[in-house]
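K.L.:
Throw the hints in and build the complete structure from the sequences for me.
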Amino acid sequence: MFSWFGKVSFVPYSKVQDFAVHLKGGRLMGTVCKGCGYSTFPPRADCPECMSGEFEFKEWSGKGTIYTLTKIDAAPTGFEDEVPYTVAVVDLEDGGRLLAWIGETISEDDAKIGLDVQVVPRIFEDLEPIKVYYTVEQAGTTWGKAPV
Amino acid sequence: MPRVGVVGIGHGVFGRRSDATVQELAFEAFRLAMQDAGLTREALDASVIAAVPEYHKQRSVAGVVQEYLNLNPKPTWLTEVACASGSAAMRTAWMAIQSGLHEVVAVIGCQKMTELSTGEILALMGRVGEVQWESVFGTTFPGYYAMFATRHMHEFGTTREQLLQVAIKNHHYGALNPNALFRKEITLEKAMASEPVASPFCVYDCCANADGAACVILAAEDKAKAISDKVVWLDGVGSATSSMSVLRRPDLVGLPSAQEAARQAYEMAGVTAKDVKVAEVHDCFTIAELMAYEDLGFCKKGEGGPFIADRRSYIGGDVAVNVDGGLKAKGHPIGATGVSMAYEIISQLRGDCGERQVPDADVGLTHNVGGIGQYTFVNLFRRD
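Going line by line, the protein sequences match chains F and G. 1065 is the number of the first residue of the first sequence in this note's numbering; add one for each residue after it. 247 is the number of the first residue of the second sequence in this note's numbering; add one for each residue after it.
These aren't lab readings, by the way, just hints derived from the structure by calculation. Cβ coordinates follow ideal geometry from the N, Cα and C atoms, glycine included. Since no wrong hints were added, every one of them can be taken at face value.
Now the stretches of chain F that chain G is said to cover, found in silico as 3 or more residues with beta-carbon under 8 Å:
hint: 1; region: 1071-1083
hint: 2; region: 1123-1133
hint: 3; region: 1136-1147
hint: 4; region: 1162-1173
Derived pair list, reagent style DMTMM-like, types lysine to aspartate or glutamate, alpha-carbon separation capped at 20 Å:
hint: 5; chain 1: F; residue 1: LYS1071; chain 2: G; residue 2: GLU366
hint: 6; chain 1: G; residue 1: LYS523; chain 2: G; residue 2: ASP608
hint: 7; chain 1: F; residue 1: LYS1122; chain 2: F; residue 2: ASP1158
hint: 8; chain 1: G; residue 1: LYS436; chain 2: F; residue 2: ASP1137
hint: 9; chain 1: F; residue 1: LYS1176; chain 2: G; residue 2: GLU401
hint: 10; chain 1: G; residue 1: LYS520; chain 2: G; residue 2: ASP606
hint: 11; chain 1: G; residue 1: LYS547; chain 2: G; residue 2: ASP564
hint: 12; chain 1: F; residue 1: LYS1176; chain 2: G; residue 2: ASP497
hint: 13; chain 1: F; residue 1: LYS1088; chain 2: F; residue 2: ASP1190
hint: 14; chain 1: F; residue 1: LYS1098; chain 2: F; residue 2: ASP1110
hint: 15; chain 1: G; residue 1: LYS303; chain 2: G; residue 2: GLU270
hint: 16; chain 1: F; residue 1: LYS1122; chain 2: F; residue 2: ASP1082
If we take Cβ atoms under 7 Å as the criterion, some of the chain F residues that face chain G in the derived model are:
hint: 17; residue: PRO1106
hint: 18; residue: VAL1151
hint: 19; residue: ILE1177
P.N.:
This is how it looks when you write it as structure tokens:
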């Protein structure tokens, strides 16, 4: 059910679609190649190094640091109601990078390159069907305590 | 290796062209290029059309252009690599000629962007990035380049004023270009006060969608010499790619594809960055031009801000950059842009640019980026 991922979904099917099921369960998953051990985020089914198609999910801590960011005022279709929103690229402690919105626990003044952060799984509670995503929150924020 | 030369060029007026279809725009540029070359259609072996399909209601736009130019039954094909489609067309025409398959090839870049509704434009804007992991967070084209700008400012101390100096320069020269969309100077105060788009960018950091077409006719060396006594040579063709996802890039302060494409083009033409007198670079956003100075080797990485602040990319500086107004002031009909860049460099090397003429221009290049640097083409031109 990869269509669960994102307020607007452009990708209904993927070999890594269980990512969305894990995210609904509060787990942020990367992938590890069973052939050579290459690990990556975002997840991918096929290893870019050894070309194996065998992979397994592994839980990422979600800890990271802001690499860059922008506050978007002119939104595309489907995101008009969110404006303005800040998108950040985060360097993840467990490897790889992630792009997501800055959440409510980080003020506009604090949202800066180099800030230590915690990526937190989230659900759009007012949307049907199931829609999951993640946000970038203050370091130490946990899934249960995250504002929704 | 024999050379490939330019024997004819043509350029239409860029802007909101509510008076014409895409094939009618293509005809304007084609007619001028054929007149410039002194050729009739019988002399052409093939055409290459550059256009980005999702902006046109007519599917497979090369077909309707080829018919309207009365080029049937000659072969044609479309090149598409987003905003770099025009330079990709130049490259494939160069390849077709160097292979010996064709001797004279017309390259036509054409695009109508203003027929889509605002809703259709906003929907397209939402799918510019990698759609599985990035577009789901409402990323936008300006948003991506804004993230490069944020990082560039953080690492190198680049300022808002330096970014907007790019827009001020390009509007300054655009005011002198009869084919440009915006023909007026802008001030720093006005630019700083424009509407926010994606921090740190405001409206004046961004280029504008436009309609338009440009045409360049390329020929094999012997043929080119027989056709024209003012041949400009396409002596270096560089092309490289970077990851679709910005999450897979080594950094967000430059475009690896541009650095590699530039290296290839310089090596093939046997020149260095210091030899380049005039350049057309892909200034879709202000930061993109600063990164181009660095990626092309006009200055060191991180020094793009001081480079523009010291006016080293104006006529009379180290290298004249975007003295036709660039994407910023000339407008950016995405399929036409790469061919329009080539048109300007060829005009400069011929010495035909009037008050915008760069003195002693003998080596020039085009730097044409597709998407957010997923594709870059650097083409190196020279006159003997």
